[in-house]
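The sequence shown begins at 1 in the working numbering and counts up one residue at a time.
Read the hints as simulated data drawn from the structure, not as lab findings. Heads up, a few of these hints could be off.
Just the calculated beta-carbon pair ranges, DEER-fashion [stated by the list, open to error]:
#1 Asn80 - Arg109: 17 to 23 Å
#2 Asp136 - Pro260: 21 to 27 Å
#3 Tyr100 - Ser29: 36 to 42 Å
#4 Thr40 - Glu275: 16 to 22 Å
#5 Arg235 - Arg194: 17 to 23 Å
Being a predicted model, the structure only gives us computed values, none of them experimental. Don't be surprised by glycine CBs; every beta carbon is placed ideally from N, CA and C.
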Amino acid sequence: MKYIIALAVIIMLLASCTNQKIDEQKYISQLDEVTKLWQTARTLHPAWQQLYPVCLINCERFTLYKPEADNSWRKIDSGNVNMQLPDGIMAAFPMPFHNYEMACVLDDRSFSTKEDMTIVFHEFVHCYQAATCDSDLKERLFIAKEYAHTNGMWELQYPFPYENDAVGNLYIQMIEACEQGNREKVAQMRNEIRTLVSANDWEYLTWQEFKEGSARWLQNTLAREIGANEASSKRSQPIDRVTFYEGGEKVIQLLTAENPALGSDFPALWKAITEL
């Protein structure tokens with residue numbers, strides 16, 4: 001999935017790009033569709049009790065919109081991005097090109113399907129995490145302290161041993177055990193993985209399971225509600241960071257089946273994931 005996590009993007013030299021005329025009325029129409037879907041999403045989870053700013057990217061130009069009190073959208077800024085973002089970006093991060101304000105940042109072509117819309121709400125989950133628990137939880141992470149000098153890039157670029165076949169095989173089997181509801185087997189496999197990786201590796205894995213797994217879990221909850229295709233990640237070697245989206249979602253499904261209250265208490269959910 002074309003996604004960059006909160007707090008960082010890959011900053012590169014601005015590439016040459018032909019300006020395109022921006023149809024701001026089309027943007028408003030697309031954002032109105034987000035609001036319509038939000039009427040359903042808000043009934044599903046506290047993360048969607050409000051709308052979040054949306055920044056639409058057209059080539060090297062951005063246009064930032066904020067929801068009004070009546071849940072309509074108002075343009076509040078536009079300008080040059082002054083950085084190259086991945087083509088087709090669907091992300092949530094503090095925007096360096098707008099005073100580091102947290103927003104859902106999207107390629108302006110990102111509203112064509114129901115599936116695109118569910119990704120928008122995936123990013124809204126990250127906005128909610130940033131507003132409610134992200135900083136507090138990171139204060140408990142040794143890895144966050146050790147890699148503080150990377151300004152958040154560790155969340156994208158941490159050198160997890162993805163190429164370790166034993167770890168990858170166990171993780172894929174763990175996902176399958178989650179789907180079978182076999183908690184004992186899940187716990188056993190997670191313990192085996194933990195013995196094969198460093199303390200930092202384990203923190204990174206569980207942090208990704210929490211951050212991305214919860215967003216994926218809610219994204220697919222919404223997808224089922226509106227009849228969209230669910231998002232999924234590969235289950236083959238070598239695993240990668242996106243495999244943790246899948247694993248996190250399945251772990252969360254297992255945990256919330258046992259204790260539904262965890263689903264709306266993100267700090268408690270994070271703790272349950274780390275302890276499983």
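Hint by hint, here is what the structure shows:
no., hint, verdict
1, Asn80 - Arg109: 17 to 23 Å, "holds (19 Å)"
2, Asp136 - Pro260: 21 to 27 Å, "holds (23 Å)"
3, Tyr100 - Ser29: 36 to 42 Å, "violated (29 Å)"
4, Thr40 - Glu275: 16 to 22 Å, "violated (33 Å)"
5, Arg235 - Arg194: 17 to 23 Å, "holds (20 Å)"
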